[in-house]
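Q: If you want the building blocks of each chain, they are given just below.
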Amino acid sequence: MQQREEKQLEAATESLISRVAHVKNALHSFIYKLENEYERLTWPSVLDNFALLSGQLNTINKLLKNEKTPSFRNQVIIPLLLSPDRDEDLAKLTEQRVPVFSHEIVPDYLRTKPDPEVEEQEKQLSVESARIGPEVAQKQIQALNKLCSNLLEKLNNPRDDRDSESASMRQNKPSFNPADTNALVGAVAFGKGLSKCRPPGPVAPGHPGQGPMMGGGPTLQQVTIGGGSGQQSAMGGPGAPQQQGQPGKMPSSIKTNIKSASGSMHPYNR
Amino acid sequence: MEAPPVTVMPVTGGTINMMEYLLQGSVLDQALESLLHRLRGLCDNMEPETFTDHELVYLLKGQQGNPFILRARRSLSHPKSPWHLRYLGQPEVGDKSRHALVRNCVDVAASHSLPEFLNEMGFRMDHEFVANGHIFRKGAMKVVVSKLSRILVPGNTENTERLSLSYLVELSVSAPAGQDTVSEDMRSFAEQLKPLVHLEKIDPSKQRH
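As given, the protein sequences belong to chains Z and D, one line each in that order.
All residue numbers for the first sequence refer to the UniProt record's numbering, where the first residue is 1 and numbers rise by one.
All residue numbers for the second sequence refer to the UniProt record's numbering, where the first residue is 1 and numbers rise by one.
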């Protein structure tokens, strides 16, 4: 049981280290870009860097929330040896950022409680909150909630009485057109606008089942004649696995189609 | 023994029943560069991969109303590669809160005699189009940004005309049935692409009318 936990801890630490290394690299390249290429930097590429960082932080969060990850809070780090001498291995490991594992770095790197100033502030805040009493606190909470919901509403519903220039700026920004989305999805899903017997143009055909199949009548008849021989070749040919069940069914459906083709199914029926 | 109707037959036979989880959206031409840039950052680090594919959609009309649809796809940029045959089922209606479109999906490779084979089986080609664009991968998720073109003369893939001024963006995952964490992951990835493109679950049957 304990071994399993140790293994989990090790694995989780490994993946956490690699994720954090990714974040570090991304930050490094971003800072470099900001410092050296700021004349050529455009807002979209800055946004891309932020999106990248946000993605990486998301993955870290997901990793920490993963149920297989043991709770890191239960682990304690105790320094076993502190020395004021320079440690070459440590320096190499941390890329020259921590050359000495000494008494100075312990409060920074191994800290688990908040900074003393922060602790002071927290203590003051809790004293203050105890002082004002529950009813006043409740009123303050409600006021804060109301402010937040007002703000959210303002952000979510752009109002018409805004400046015309910000409205026109907003119109230049949309990077996608929902009508286009629907047209493209329709084309991929069932050939809207693509049916080969229509003149090229965004005319929406009807149900594809009724779509004109030129030669649908005559060729179906041809298929029965070839259907017998086609069946044998289909069995031996490079048939896809799911179609091996179908050659058995083909003859029956084709024959049925032939009967109805001469009757009601006219290829030019529109 | 009467053969069961073609369109209702479940796909069986030695493979895991794979489902395709899908989210779709589109992006205008002028925003394409920013989208590609962002995808290059968000997705796995690999050489940007472009593709040019020719897809033909074959229908088999059974006795019932709904025809059976198979999609055959071949690469125009790698003409020697095998054809790719795909069956997509009806979208699963179930959990309305599920964030992605889920449908049964069967993918197989086929040789170059596939079109004749399908014709002999009784399938008729309904429509075809050419798709070319970029493909990105992040773990199991696949993002395809493609430009669709209509083929003006049947069979001639040189002479094409663009369908619209937008690129279709599709985020898909192929996973065994029953894994609902997949759609959560897809949704959080889609969040990172806003506001450039809104990836959402678009029900194809609603688009018909």
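Everything labelled a hint here was simulated from the structure, so no lab data went into it.
Among the hints, erroneous ones may be present.
[As the list claims (entries may be wrong)] Straight-line Cα separation of at most 30 Å, DSSO-like style, residue types lysine-lysine; simulated pairs: (1) K80/D to K62/Z; (2) K80/D to K68/Z; (3) K65/Z to K80/D; (4) K138/D to K62/Z; (5) K7/Z to K24/Z; (6) K194/D to K92/Z; (7) K201/D to K33/Z.
In this text, all values refer to a predicted model and were calculated from it rather than measured experimentally.
Q: Of all the hints given earlier, name the ones this structure violates by number, lowest first.
A: 1, 2, 3, 6, 7
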